[in-house]
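Here are the chains, one letter per residue:
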Amino acid sequence: MKGPVKWLRWRGILLLAALTPTCRRIVQLASLQCERPLTPWTRLRMRVHLRICRGCERYLRQMDFLRAAAAASVERPTAGIQGHLAPEAKDRIKRRLRCEPVG
Amino acid sequence: MNLPPALDPERWVDEHGDSLFHYALSRLRDPVLAEDYVQDTLLAALKSHHRFEGRSSERSWLTGILKNKILDHFRKAGRETVFTDLEFYGDEEARAFDNAAFPDHWNAAAAPTEWNGAGAALDQEAFWKVFHRCSGKLPDRVARVFLLREVDDVPSDEICASLNITPNNLWVMLHRARLALRRCLEVNWFGAQSPESDEA
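Taken in sequence, the protein lines are chains G and F. Residue 246 in the numbering used here is what sits at position 68 of the first sequence, and the numbering runs on without skipping anything. Residue 18 in the numbering used here is what sits at position 21 of the second sequence, and the numbering runs on without skipping anything.
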């Protein structure tokens, strides 16, 4: 590629980088967009940023994963970590339930 | 024929007791209180069992009752709790974007790494141990909003009303929870082979 064309292209990339939000901001926007819609302009700048920044692109993919994991975690109580209802506690509750008139 | 199983609340204790207790404990973080809420839930279920139509599983029906009871609890307690844990993991954000050459861009050592085998992780028991350990490390209030928002899918405005916090408070806490959980999972699960695993 000829020198001036290459130079122009680099200028373009640097300009884009300067125009898009910082990584810190992108990461905040990723959280914000779950709460309220972002403006089209912000979304566009975000998309451009994600095309050139691998760290942020990974971060957003990991947030999708985190959301899926959180949603799935209801079904996955893990043994031994949070503790189980002790047998005595189960007996206590059963005894209490027996005293209750059925509605 | 899909007849509902005979009403047997003691079976609920055996079949769903652990799951409900785990749910309550992960949100209330107090075993005594959690047990109380499991009991309250089953008592309430006993009173309203005729309203259970079998459209959802028995467990999600019971979990739904428990969820509302816990939300009520937060609603009552919300006004008394002192706000102290907002500073939590503020340093994670500072660390992640500590970059001298390009301020507020990723620090090379803290930038997200590629998570290999993320899809398969959800099927692994060991992953869930790490996940629960990580979310267990979040400060109470932060964990509470994260679980309500991401696990129970409670709308933001409802959380704000229940916990008596502003939308901005909520947003900051959710954001910090995500940063912290991401970091914790990366260190303790996805990068477990790397030497930097001191944050368990």
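Any given hint might turn out to be false.
[As the list claims (entries may be wrong)] Dumping the calculated DSS-like pairs for lysine-lysine here, alpha-carbon to alpha-carbon at most 27 Å:
1) F:134 / F:73
2) F:134 / G:272
3) F:73 / G:184
4) F:73 / F:44
5) F:66 / F:44
6) F:44 / F:126
7) F:134 / G:184
8) G:184 / F:44
9) F:126 / G:184
Hints in this document: simulated from the structure, not taken from any laboratory.
Consistency of the hints with the structure:
1. F:134 / F:73: It holds: about 24 Å lies between the C-alpha atoms, which stays within 27 Å.
2. F:134 / G:272: With a Cα-Cα distance of about 32 Å, the restraint between residue 134 of chain F and residue 272 of chain G is violated, given a limit of 27 Å.
3. F:73 / G:184: 64 Å, violated
4. F:73 / F:44: 23 Å, holds
5. F:66 / F:44: 15 Å, holds
6. F:44 / F:126: Answer violated: residue 44 of chain F to residue 126 of chain F is near 35 Å, above 27 Å.
7. F:134 / G:184: Roughly 50 Å between the alpha carbons, so the hint for residue 134 of chain F and residue 184 of chain G is violated.
8. G:184 / F:44: The hint is violated at about 75 Å.
9. F:126 / G:184: 51 Å, violated
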